[in-house]
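K.L.:
Residue strings, one per chain:
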Amino acid sequence: MCGIAGIVYKDRKLHNAGEDMGKMLGALQHRGPDSAGFAIYGGVGLEKNEYNINIQVNQKTGLLDKVKMAINQKTPIKSDQVFPSEEDGTIVYRAKIALDEFRQLPPLLHKIDKVDVDVVVLNGSHSFEMIKDIGHVKDIVEKYHVNEIKGTHAIGHTRFSTESNVDRYHAHPFQTYIIKDVTVVHNGQITNYWKIRDPLERKGHVFETNNDTECLVHYISDKLDQGYILEEALHQSVEDMDGPFSYIIGTPEGIGIAKDRLGLRPGVMAENDKIFAIASEEVSLREVMDTTNVEQISPGEVRVYESTPSF
Amino acid sequence: MNEKVYEIDLSKMTPREANETIIKMAPKYDKIILKNPHAMHYLIAGLVEEVDIEVDGSAGYFIGTMNDKASIKVNGNVGWFGGDNMTGGKLLIEGSAGDGVGQGIYGGEIIVKKDVGARTGEIMKKGTIIIGGNSGFMTGIFMMGGRIVVLGDLGRDVGESIIRGVIYVLGEVESLGKNAKLVDVTDEDKKELKSLLRKHDFNLNNYDKFRKIIPKSKRPFYGK
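Which chain is which? The protein sequence lines are Y and R, in order. Under my numbering, think of the first position of the first sequence as 1, with each following residue one higher. Under my numbering, think of the first position of the second sequence as 1, with each following residue one higher.
Excised from the complex, chain Y in its bound form:
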């Protein structure tokens, strides 16, 4: 069991997406106590060639300097920020950098990952802010000042771990670097995981974990890279994936949900003139809107809300 949620503000203007998503995920806390995370799009305010990189670094002496050196060898750090974590002796280090083009980002992240076994790149993004950590939603919201983050749309997750590690990296959302700024949050299992992963690896896509959620985000990005629109990619995933699942994809244009053909994982949605929202349960939707008219996402169904981004 996990909780997933997504929200789009239809006017495409900046709203209190962090605060809203914090409330939506807080209402789904019972579905997953292990970790939680957010991908909040649209309010980052980076220049066209800029990226934020989030890196988990052990607090041992000199390690953060090594990380900074690895980044500076490629491109100067323009600004940075540190989020301390008393519990596990690590910090989350956020660096803002500039690159000539997006395809330079994955090798840089790989290089940073190789600095030390105690250095873990959590993500690198241009148009969204990634916040994820172990623990409860309210603590993560407080630690990372999530309520202050503005956005045009967002997705989020509360995790009940069933297979892979409970740590910051394995918290959702997961991101891919096949194309820019695609994220996923997932409730369920992909039971034909290797059947999906093998052809993607043969095409050269790099898997960092054995987690089926990572497989999902690579799969969708690969389809988008081939020219599918999000709705088509999600429909194709319902055909290709086995197992119980419902998952939400975030892109710079919007969000979309897909649910397995037997409908073994929950999903509801509601919308009004201002908001399109999806969640595992109505209890989450009611945090941001009137829920008189809640729609069930049917088995095998796909719902998407996208528009052209202004960032």
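Read the hints as simulated data drawn from the structure, not as lab findings. Keep in mind it's a predicted model, so treat the numbers as computed, not measured. Watch out, some of these pointers could steer you wrong.
[Stated by the list, open to error] Straight-line C-alpha distance at most 25 angstroms; calculated SDA-like pairs for lysine to any residue: (1) 13(Y) to 48(Y); (2) 24(R) to 42(R); (3) 126(R) to 175(R); (4) 113(R) to 293(Y); (5) 12(R) to 13(Y); (6) 35(R) to 269(Y); (7) 138(Y) to 126(R); (8) 35(R) to 289(Y); (9) 23(Y) to 12(R).
Fit chain R to the known structure of chain Y by using the hints.
P.N.:
Relative to chain Y, chain R alone:
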């Protein structure tokens, strides 16, 4: 004689505290009103008393599970498995419901005014489920008795592996499941439907349009 009414504010209660309070108060009052339910899961679980309960908002999963005599009215929507394994009583939902409403019921009546999700009446044995809107994928899967009445459309694989019981439908049927067949209603069926639906304030004038899904065989043989 004045009706004895007790009001419970659920806003600061856990489901366990809510249910303990409901079970404690049910024998003493005619009616209980649950304020601020906030789509709470497992509300009114295992209640065997005869009492009216009004839920002032939406409820989450398993509302009224194992209800026996209570008459429950929800002034909102409910999540998955509403009325699960009820043995009697009534569950009236003014809004919509998620998957598995009426799962495994042995008796009683469940009425949902709007649409419901998948697998309505899954493995139900007896009792009645009325859906005012549409009902999704595999309605009546493994149904072993009782009746489902759907005033809207039915999704894919209706009556999958149905053994006994009947599913009445007024709208379209997307497809039938294994061992299910779609036939016309009889005059006796129409009379029964009219009586049932009028009792629950559904005033229709097109009973001739109903059809019903019933088992092809009571002892279906699957495979070669």
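K.L.:
Please go over all the hints and tell whether each is borne out by the structure.
P.N.:
Evaluation of the provided hints:
{"no.": "1", "hint": "13(Y) to 48(Y)", "in the structure": "holds (18 angstroms)"}
{"no.": "2", "hint": "24(R) to 42(R)", "in the structure": "holds (16 angstroms)"}
{"no.": "3", "hint": "126(R) to 175(R)", "in the structure": "holds (24 angstroms)"}
{"no.": "4", "hint": "113(R) to 293(Y)", "in the structure": "holds (12 angstroms)"}
{"no.": "5", "hint": "12(R) to 13(Y)", "in the structure": "violated (35 angstroms)"}
{"no.": "6", "hint": "35(R) to 269(Y)", "in the structure": "holds (24 angstroms)"}
{"no.": "7", "hint": "138(Y) to 126(R)", "in the structure": "violated (45 angstroms)"}
{"no.": "8", "hint": "35(R) to 289(Y)", "in the structure": "holds (19 angstroms)"}
{"no.": "9", "hint": "23(Y) to 12(R)", "in the structure": "holds (17 angstroms)"}
Violated hints, listed in ascending order, are 5 and 7; each of the other numbered hints is respected by the structure.
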